[in-house]
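Visitor: Residue numbers (the working numbering), protein chains in the order written: chain A, 1 to 492; chain E, 493 to 573; chain R, 574 to 849; chain V, 850 to 977.
In the DSS-like style, the derived pairs of lysine-lysine whose C-alpha atoms are separated by at most 30 Å in a straight line are:
1) E/Lys516 <-> E/Lys572
2) A/Lys301 <-> V/Lys976
3) E/Lys516 <-> V/Lys960
4) A/Lys404 <-> A/Lys477
5) E/Lys572 <-> V/Lys976
6) E/Lys516 <-> V/Lys976
These are calculated hints, taken from the structure and not from any lab test.
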Amino acid sequence: MTSHLPALVVTVPLLTAFAAFAAGWLRPKLCFPVGLTGLGITAISSILLLAEVLEAGTVTYELGRWPAPWGIVYVVDRLNGVVLAAISLCAFIQWISSRASVKSQFSDRIGAFYGLELLFVTGAMGITVTGDAFNLYVLLEIASITAYALIAMGGGRAPLSSLNYVFMGTIGAWFYLLGVGYLYIMTGSLNMADLASILQGMRSSQAILVAFVIIIVGVWLKMGFFPLHGWLPNAYTHAPWPATTLIAPLMTKVMAYVMMRLVLFLFGPEYSFGVLGLKDVVVWWASLAVVAGSVIALSQKDLKRMITCIILIEIAYMVGGTFLGNRSGTTGAIFHLVNDVFMTLCVFLAVSSLAFRQRELDMDAMEGLFSEMPFTMGALVTGALSIVGVPPTCGFFSKWLLLKGALEAGHYEFMVALILSSLVCLVLFFRVFEAAYFGHGERSHGHHRMREAPLGMVVPLLVVAIGIVALGLMSGKVISSIIEPALPRGVL
Amino acid sequence: MIWQLDLVILTLVVICGIGSLMIKDLLGAAILFGAYSFMMCVLWAIMGAVDVAFTEASVGAGVSTVFFVAAVFHTTRRTKD
Amino acid sequence: MRILGILVCVATGAMLIWASGEFPPWGDPNSPASLHVSPRYIEKTMEETSVPNAVTSVLADYRGYDTMFETTVIFAAGVSCFMLLRLFSGRERSSHHYRHILTGLTLRVRRKGKQLPELEEFEPMDSLWTPYDLILRTLCRFLIPFIQLFALYVIAHGHHSPGGGFQGGVILGASMILLAISQDMRSALRRIRERTLAIFSVAGVAIYAGTGALCLLLGSNFLDYAALSRIFPVDPVGARSLGIFLVEVGVGIAVMATMIVIYHNLASEGFLDEGL
Amino acid sequence: MDRILEVVIAKYNYWIYIVLMMIGLYGVIAKNNLVKKIVGMSIFQTAIILFFISMGMKKGATIPIIIHGQEASVRASDYINPLPHVLMLTAIVVAVSTLGVALALAVKIYKEFDTLEEDEILEKIRKS
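Construct the complete structure from the given sequences, taking the supplied hints into account.
Guide: This is the structure in structure tokens:
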């Protein structure tokens, strides 16, 4: 009996989205529990799928029982197994913690909001698990359209920044579609494994080169890689908090996974790194992106906009790590992708519970936060330490691997950029903690009563913080058992 | 597939495309965009893609133009560029 | 911005044209695209799915998973427009307009709050967009049933002729939009209330995903219609054709409801009282 | 001379779609009015759909519906390649969905800022 886990992993959130939207109209109180059970089942099935992949190696699942190049086939290996587990856990935790803010802001259209959030999770899961190039485009569009609508719910400037995101996102997605079209006209197939085998023989053709460039530009545009990042700071800052805490940790990381899947598996490491010779150019570009991201993050006054700009730095790490070309660099990039999902989730959830308590998010109005909201600030400290890369947390191990990869590949400018941006992140977060801990503004004189965020927000936040530390401690086992064998042979 | 007919329709499509971007009145842009979609639908019908032409006619020329006109009705027809 | 736009377009265009030099000549029967995967669709469609229209069989069966997510995309667009624009508190009007049905005399009642109840000789009239044309209204009232009949034909006949779920669904939606434009939005909403539209759009997509899940429950892979032959009295090939038809009906319902929801929200800026 | 003509005949369809795409791309980047940008985006999308359709074209082949009489002896070269048509049915529906959401956003922006010109909106934001 072939295990139906790959199909369950995507169709369960899809059916839950329909159930949540229908519940919005029939009995609004049911929306939250329906979504909770759906995401719970998805999380469990994706962890079971990861376990199955670890034992039985790559799992393939034919949709509609049509064989590979004709029908659509799901291919789950260790790389997307671990990313699937990370996405579903992150979505499950975010769902619990954003309940209070969704109920307060969107009570009259709660079914629609929850339905779109679940469709976004479906899109993210589907992009990760699919083995068909065009199916990836359709799921990319689902994740994008739901992201446009969720971001535009912020009010004030949100629709304008969402419309800019629509324009840049559509151009990125349709460039990817055009690249798939170029591949299809030259090879005749849409299945990724089939395409990869045909492309081995067409190393020298111009059309494949242009297809590679278009697809990479489209994916970088959707990812928010440095020169193409114009939409990201505005979109995530003006979005409402439940939308930001869901979209920020997932969208850019899933697109980073798509880039790795295409570069390492579809076009193959020899082609994407060797033939074009753009390997060094991209690593230089990534170092520039890291520095630019740090400068942008330094110049921000609003806390929410600052942590959004930190995402730009994280993306540049992943692109640089992938294009380093050697084994430890790529392993570092994949492990950083998984860590980054949880790090970003932790920091965004912490700041959203600050915002939920109507705290001023301005940098220099943070007095007495440690005394008022100790648990939230504790989790924020853990997330910050992980982003900076301090040993017990998982951020350190992935950055260490990236550093080792850069050293072996001889890209010293990428190492300098890595260290510099870690220091900048340290400065950024220390500025916040210094004001929050030592601040003696007029607010903290009055009372030291603990006005913590509601329990529903604090408990998931603490779980994520503990998860970051646990992931850090287990990083040796995670890397050796899951990520190390996930790399294709070609990565020398 | 008479290539002269194909060429004529292609030039018409390009003209409608440029026209709907250059025209100063948004309602005019919406109508020209509807004409552009209809020309595209005829082009695909000639190329043998009947299902796609049917969809483009009903979705592209039909409903998109109604959405454009509805949106322009609630905003302005005035454009600067 | 203008120079940046020109620069980017010329660069991308040059790159694309440089690459198109290597394409197989236009319309060449043995280009890779026509030799690698698609011959099986054409030759085997009658034998495996008994559906002569190869596009419908590939759309709903060989690559049925794409179409399920495509229907989810249009559903997501409908939900987004509802969520973005819909405002539940109505527009406060200082005065209401009524038209005497027989003579066409218009009456302006200065009264705050809700509309007056329905009167025999008078019918409520939009105060925002008030053109009234007897010829247009009666012609549209005459035309709409035939449009809907044709749309049902298009959905049902997707196997043998061009057409299918999407095209039929859009035409059904267009007939309701025509009603909303020729009469006024209130009468269109009286035909199909907003709540039923929402339930229809969910039901349509749920039919599609439900058929797939049903095949899963019957032990076969997701969206493998041959499994339907266990519960329906058809052979596996006939079961595929039946599965395709079920899916087309689901898509038709979902697309119809979504198009109307998007139009209602766009045309009345979310108040759903007066539209185009 | 006739060799160039032969190449042009074989490839002009692809060049036209590239010209259309660049018009759309220019419309999105350089136009100031938001609805004009949406029109440019739609032209960009339709041009890519044209590329996919002209990819499946076969000279001398008929539409991809198996003729009623000849179900038995079906030759692939008699019928046009149906796969790009399926892909483009999806793309058209995605294009309409994006258009619907973009127009809803434009209406919402107009309600907020009373103008659709990008520079006027940014001016208002800088002032507020």
